[in-house]
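A.B. asks: Protein sequence lines, in the order shown, are assigned to chains P and U.
Once you know that position 130 of the first sequence is 130 in this note's numbering, the rest is easy, because the numbers rise by one and skip nothing.
Numbers given in this note's numbering equal positions in the second sequence, counted from 1, plus 1000.
You can trust all of the hints, since none of them are fake.
If you want a taste of the chain P side facing chain U, the calculated C-beta under 7 Å gives, among others:
1. Glu44
2. Phe92
3. Cys137
Hints are computed from structural coordinates only; laboratory data are not their basis.
Quick caveat, the model's predicted, so the values are computed rather than measured.
Beta carbons: idealized from backbone N, C-alpha and C, even for Gly.
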Amino acid sequence: MTHIDVQVNGEDWGLDVEAGTYLLELLRDRMQLTGAKVCCLEGECGACTVVIDGKSVNSCLILAAETDGAKITTVEALSRSDGNLDGLQTAFLEKAAAQCGFCIPGQLMAAHALLETNHEPTKAEVREALAGNLCRCAGYEQIVEAVLAAAGLPGKGGES
Amino acid sequence: MSGMIGDSPPRVGGPERVRGTLEYVADIRFGDALHVKLVTLDVARARIDSIDTSRAESVDGVVSVFTPEDLPSPMPRFGPQFHDRPLLATGETKYHGEPVAAVVAETPEAAARAAALVSVGHLPLDGGVFTVEAALDPSSPLVQDPSIRGPGDPRAESNVLSEHRFEWGDMESARADHVVDQTYNFPMVTQFAIEPHAFVAVPDDGGGVEVWSSVQHPFLLQKVLSQILDLPLSRVRVHAPDPGGGFGGKQNPKHEALVAFIALHHGRPARLVLSLGETFQTVRRTSARIRARSGFLSDGTIVFQEFVSDFLIGAYVDIADRVTGKSNYLAAGPYRVPNVRIVARALLSHTTPSTAMRGFGAPQLSWAREANIDQAARELGLDPLQIRLTNLARHGEQFVPNETPADGQWEEVLRRTADLIDWGAPLPEGRGRGLAVGLKSGPTTGLSYATVRLLADGSSLIFAGTSDMGQGARTIFAQIVAEELGVTHDRITVVMGDTTRVPYDQQTSASRSSVLMGTAVYNACQDIRSRLAVLVAGKHGADPESVTVEKGTVTLPDGTTTPIPEAIGVTLGRLGGEIIGNGEMRVEGDPDHPLGGRAVFFELHCAACEVEIDTETGEIEVTRYVTVGDVGKALNPLQVAGQDEGAAIMGLGHTLMERMILDGSGRILNMGAVDYRILTHMDVPEVMISDSIENADGPGPYGIKGVSEGGLLATSPAVAAAVTSASGAVIRDLPITPERIWRALQSRL
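Just chain P, with the same shape it has in the complex (with noise of 0.2 Å):
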């Protein structure tokens, strides 16, 4: 058992995890966060994607006491503090970017971790932040249209 003192969505957090339990298995099993998804357990789908002081990165493969003094934040931490919707997720509803929805909270918190370093992403630069995020319904363009859209950037719909 190691002992570890985290951040997890602005409350504090001290407990003691054994040393092979991921932080996704802590965050689901453990706090009840169950916005971070479990699928390829490997790190290539990025369903499980969270932001750990500012980065994001798939839970399942950062142990738990690793995150020792990290501020981490998941999906549910993305809406205001009044209940509302943030700006990434109005967007992702209205540019109907979530279809099952099951890698969406992954694609929130990539899309979030890059808007809160690069203001005005290319087009470009949001495909590759995203890249490690699998979406098999392939809302693919959907999701960078909202992404672009809530940096108040012009997508594809400014075009036609």
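With the hints as your guide, set chain U onto chain P.
C.D. replies: For chain U alone, kept in the frame of chain P given last:
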């Protein structure tokens, strides 16, 4: 936004999806749940001699290890077409990953640890059938015990499960100026829903069972469980939370019955969540080898077409025999072909059982047929667009005997596609353009019920048995109610996914739901309007015939109009209450039709693309992609584009990169996201254009047709044609990898 038809209101269920609060099966917490892990062998075909569970049972937290001995004898078998799939393998495993036992433990970790300690005494058997060639070889071992096939099946002693023969015209006397005769291969690919299948069973206090499954057909699952568990339908409650993608792979029951036996045995909830790798061992698309022989006049007119299709379906039939028959019936596509012969075989093999997957066999056929046509165009010096227009069936034309006539202005689809890809405009060196057409039959039978409740405050509840797996069915049904009853989008709740709460629906497949369940919802709205007219008339002492209730509005004999949502409260009066409307949509089918029924509608799609080829390396980039469907009417244009582009991108997957690779003992070597690649954000064509032809000529409300599969029907042949046009390389085996392009170019030197 009113959210009526033709708008694109926000997806119903969208806010939950972007908040991360929508609960998929694996997200739902069940107190006291037992965790199940399947025990499998690292080989496809093996004789099972013994199962020693003692070491596994000694692991802390293990509750039991289920083997066939713990299940009823004879072993229950099930399947949508044949009752052939056992709950656990008996005697012999038939494919890599077939479960031989199941560990039940207090934690997933204990279950996984113990599963590795179950000692299965087994002898790997040679001669496993992994290819079409092996399946057709009479010396190969039989995949299926002939007794399962039943007496009187002349093919029971072979691996040919079925042979579908369709023929019209006179093949023998058909004379062509030019004949193209080639064989094409379509690989094994898997549905790869990002949500792996998940199953939970909970015993209820009355001897029944509740099951949660990421299933597309909750009512079929209810029926299968009822049969296997010998319970009345009313004691089997299936919860089907919105699946995280289905694509056909979640249509039919899989491990639910096994999990239900475990839950009932222990009197506790039991939960099985597959890994992504395990889903590769659970579902895939039928692979195929198709020989297509087409005869043409020198002006491009098709004189005859002959197809010999071998679909390798896997170890159990699931729905794959239907995939084989239904797709091959339309092998000749949307063309006027006077002489046709189709021989389609469904072949058993020691591989993952294949099942429905987006397109239901049609992408395999269009791969062969359209490539045949492109080769003819090249050899006859004809324009690939023109040769298709020459042969394309016109609206109302009976292009396949006894089938639904062509149900759209299909030439408009081709012309729009050609316009959007700048067909005929010059291209730089190394670039090429291709265009192809796909056709798929929609449902051939159907039964959907819907209930709509108009509440006293003018809001509304919709109850429908469709599974919303991303196609957006909830939104479509809400739009129909908004249109018909005038209830605004934000005042409608759509209830699905629970066999105890919603009325029966046959299934969510074949792009049927907008048309069939949509009609049921529409009819339920009509029912409400008639009831409301009677109530309003009674209140005003008027003749019900004199009160009109039309789209959203009540009109009294004196001409006064009131919106329905306002009229309802006044009309119901002091006690309040509601008006309940029921709707039904039934398509009985036709027992004399080779498929048991005519197509309710067709999905006709045209794809075109531009590619750039590096002739030194064979690297390929699809730079521009156009997809156009004949949709009748886009009820929700944003959702139509999502389905259309999503299907096209999935089609680019099997066209460019996807295939399951087996080793010599039938093991899947690339079982997961690292080694089995699907398109990422980075792989999407730089320009992606989706468009629809809308002539309101479909059978659903407002003239709609189904739209969810068309986008991938013609992807592969369009890309292949573009590759040939760019580089001269002709590829007849999917996927079109850089290596295959490079080799094809080398062989031309």
